[in-house]
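Visitor: Sequence:
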Amino acid sequence: MKFAGAFDVKAPRPAVWEKIRDPGLMAACIPGCDSIEKVSETSYRAVVAVKVGPISARFSLVVDIVREEPPTRLVARARGEEGGRASALSCESLLSLTSLGEAGTRVEYEADVDVTGRLGKFGLGIMRKKVEQLSEAFVAAFRGRLEPAAAA
Numbered sequence: 123m124k125f126a127g128a129f130d131v132k133a134p135r136p137a138v139w140e141k142i143r144d145p146g147l148m149a150a151c152i153p154g155c156d157s158i159e160k161v162s163e164t165s166y167r168a169v170v171a172v173k174v175g176p177i178s179a180r181f182s183l184v185v186d187i188v189r190e191e192p193p194t195r196l197v198a199r200a201r202g203e204e205g206g207r208a209s210a211l212s213c214e215s216l217l218s219l220t221s222l223g224e225a226g227t228r229v230e231y232e233a234d235v236d237v238t239g240r241l242g243k244f245g246l247g248i249m250r251k252k253v254e255q256l257s258e259a260f261v262a263a264f265r266g267r268l269e270p271a272a273a274a
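The letter at position 119 of the sequence shown is residue 241 when you use our numbering, and the numbering goes up by one with no holes.
Bear in mind the hints are in silico, worked out from the structure with no lab data behind them.
This one's a predicted model, so the numbers in the text were calculated from it and none came from an experiment.
Treat the hints with care, as some may be off.
As the list claims (entries may be wrong) - Subject to a maximum C-alpha distance of 25 Å in a straight line, what follows is the list of computed DMTMM-like cross-link-like pairs (lysine to aspartate or glutamate):
hint: 1; residue 1: K243; residue 2: E254
hint: 2; residue 1: K243; residue 2: E230
hint: 3; residue 1: K173; residue 2: E269
hint: 4; residue 1: K252; residue 2: D156
hint: 5; residue 1: K124; residue 2: E224
hint: 6; residue 1: K124; residue 2: E191
hint: 7; residue 1: K173; residue 2: E224
hint: 8; residue 1: K141; residue 2: D130
hint: 9; residue 1: K124; residue 2: E190
hint: 10; residue 1: K251; residue 2: D234
hint: 11; residue 1: K160; residue 2: E232
hint: 12; residue 1: K252; residue 2: E224
hint: 13; residue 1: K251; residue 2: E191
hint: 14; residue 1: K132; residue 2: D144
hint: 15; residue 1: K124; residue 2: E232
hint: 16; residue 1: K160; residue 2: D236
Use the sequences and the hints to build the structure in full.
Guide: And the structure:
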C-alpha cells in the first residue's frame, strides 16, 4: 500500500531536521509507539502497537536509515513482526523537507507499506483509513512538540 502526504511546520528546516532525527521525540509523536532504542547512528529498534478493526497488534520493528541528505531528505526502511508471527510489516519511506522561509518548513512523505498475516487480511480501504488516522495524529503531536519551541 502506497501513501503520501505533506504538512507545514512553523519552524526552520534545520530545527525540523534535528527533531526528526531525535528518537525520543519521534517515540512521543508516533501513535502507539511504546519505545524506541537507538542501536547505532542509523539503526533503531521500536515497539509499536496498532489496532485495526477488532485486531490489536504489537510490532517489534527494526528501522534503518538507508540514505540521508541533511537537512533535506531521509530514506528509511522498517521491518518487523508481531509476536508469534501473526502479522509482519515492511515499509520503505522517503521524507523531504523544504524551507518555506525562515519561519516554516514543508514536510513531505511517501511510504510503501506491506502488511501480511492477520492484519493483511483487511481491505485496502480500511488500512488506508487507519494510515490516515495515524498520520493525522503524528502531525498534530509533532507540531505540538516543535512549534512552541520555535515560538520561544
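Visitor: Each hint should be assessed against the structure and marked as holding or not.
Guide: Going down the list of hints, with the structure as the test:
no.: 1; hint: K243 <-> E254; verdict: holds (18 Å)
no.: 2; hint: K243 <-> E230; verdict: violated (29 Å)
no.: 3; hint: K173 <-> E269; verdict: violated (29 Å)
no.: 4; hint: K252 <-> D156; verdict: holds (18 Å)
no.: 5; hint: K124 <-> E224; verdict: violated (32 Å)
no.: 6; hint: K124 <-> E191; verdict: holds (23 Å)
no.: 7; hint: K173 <-> E224; verdict: violated (39 Å)
no.: 8; hint: K141 <-> D130; verdict: holds (14 Å)
no.: 9; hint: K124 <-> E190; verdict: holds (21 Å)
no.: 10; hint: K251 <-> D234; verdict: holds (15 Å)
no.: 11; hint: K160 <-> E232; verdict: holds (23 Å)
no.: 12; hint: K252 <-> E224; verdict: violated (34 Å)
no.: 13; hint: K251 <-> E191; verdict: violated (31 Å)
no.: 14; hint: K132 <-> D144; verdict: holds (18 Å)
no.: 15; hint: K124 <-> E232; verdict: holds (7 Å)
no.: 16; hint: K160 <-> D236; verdict: holds (24 Å)
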